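Those sequence lines, one after another, are chains A and B. Each residue of the first sequence is one higher than the one before, starting from 13 at the first, in this note's numbering. Each residue of the second sequence is one higher than the one before, starting from 13 at the first, in this note's numbering.
Read the hints as simulated data drawn from the structure, not as lab findings. Careful, some of the hints might be misleading.
[Unchecked claim] Here are the simulated DSSO-like cross-link-like pairs (lysine-lysine), alpha carbons at most 30 Å apart as the crow flies: (1) B:K15 <-> A:K183; (2) B:K15 <-> A:K188; (3) B:K219 <-> A:K219.
The structure presented is a predicted model; accordingly, all values stated were derived computationally and were not measured.
Protein chains: 2
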Amino acid sequence: MGKFVVIGERIHCISPVIREAMNSMNPEPILKRAKEQIDAGAGYLDVNIGPAESNGPQLMKWAVTTIQSAFDNFPLALDTANRAAIEAGLSVYNRSKGKPIINSADAGDRIGNIDLAAESGAIVLTLCSKAGVPADNDERMAYLQELLEHGMSLGLDAEDMWFDPLFLVIKGMQDKQTDVLDFLKMCKDMGLKTTGGLSNVSNGMPKHIRPIMDSAMVAMAIQCGLTSAIANPCDRRLMETIKSCDIIMNETLYADSYLDI
Amino acid sequence: MGKFVVIGERIHCISPVIREAMNSMNPEPILKRAKEQIDAGAGYLDVNIGPAESNGPQLMKWAVTTIQSAFDNFPLALDTANRAAIEAGLSVYNRSKGKPIINSADAGDRIGNIDLAAESGAIVLTLCSKAGVPADNDERMAYLQELLEHGMSLGLDAEDMWFDPLFLVIKGMQDKQTDVLDFLKMCKDMGLKTTGGLSNVSNGMPKHIRPIMDSAMVAMAIQCGLTSAIANPCDRRLMETIKSCDIIMNETLYADSYLDI
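Take these sequences, add in the hints, and give me the full structure.
Here is the structure:
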């Protein structure tokens, strides 16, 4: 399936520094986080502007052009519930280094983002859910089928739909973790690409544990077929693990310097 | 399949300190390494006395009683090509904390160790090979069948045979790593227990990389069904990963202190 793709999650309006930068359209904090994540090995950068109800289109256009002009048209994931803002971002997005990603569609209110991806030739992250967390893998698979059929009926290539099983928090849903892994295997067997907010598994755990748990989970998930994650590429342990898994899966050739590449 | 079992590998005559201690029957260095490994979370301790051609039985008896009397009959794996030494070790082994492990049998010259396990009620590590590295999984599976049938014909319980797929060095056999993982899945599907010299994968890599690569591999292997490894429990990253995988697989209940338990 190719090398694992990390979609860097650190340009997110939930961060006070980024929110302030977005409010004032100050490029510096955003470009700083973009550079850190690119240097650390991100394959895409997620740009989450939140709902951005008042100025979404203007803000997303600004963010996309600001980041892409500073970093040689680095590929981005446009992340907002504001559809007009995604359309505006797509209108200025430069595809020379990769298709844009629309983050995200689901089988409920946001199914229209699949249509948008089909119309604009984008990749779309598709959550295998309608409202809330799917109860089990039967439900996940029912939503996946719905999403996949909808995309394919619109002429979207299956490999431009990256399915998100919804990673679950261990503190509270420990006994559901193997379900998520099993679901990734089913997706792999179907030849589908997958992604998700991996660090959700360690939500609420002590800070020193999170990189340890996330790294164990990513290795197990890659073994099950996970092809991408929305994650923090500045988490050194996580990136070391992902790069090592790429070696074990024979997706990149081993060299003693592989961790530095 | 229960919690992952680490068979601590550090009491090995290849270490100059241990060789000297075995030569002079000096308990201190051996007990020190036993304690370090038990404290770090080993489930078994491997006791490798080498071929020990001259004094094998005497040496193994001494090592077994020395370690078990100091550490409340901690369970051990008796590791030597000298069959008389294994028999001598078994004769003094105390089973109150777990069956002895015989390390190891194969489908070639050492198949008799399966008979010994059946006669003595021991667990036996069985290498899926005859002479050298199996060429592919068909060969691994042919040996596994041969070993399994031999053991079962002698009345040995299948769960007392821990099958070793032979982990391969990445530097030189990078493209064979997924074979090993696939083989572990087959063993899991058959309900069989598995083990192996995991750190062989990182053989020849720079020292700082080995715990990183071994940890990625162990997580992927546990996902595929690996139930045990002969490894260094004092490798902190490796043990953190194994404990995290046990949480993800729901084999131990999560607590914020799980890494310290």
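Hint-by-hint comparison with the structure:
A distance of roughly 19 Å separates the Cα atoms of K15 of chain B and K183 of chain A; the hinted pair therefore holds under the 30 Å criterion. Taking the CA atoms of K15 of chain B and K188 of chain A, the gap is near 17 Å; set against the 30 Å cutoff, the hint holds. Between K219 of chain B and K219 of chain A the alpha-carbon distance is near 27 Å, which keeps this suggested pair within the 30 Å criterion.
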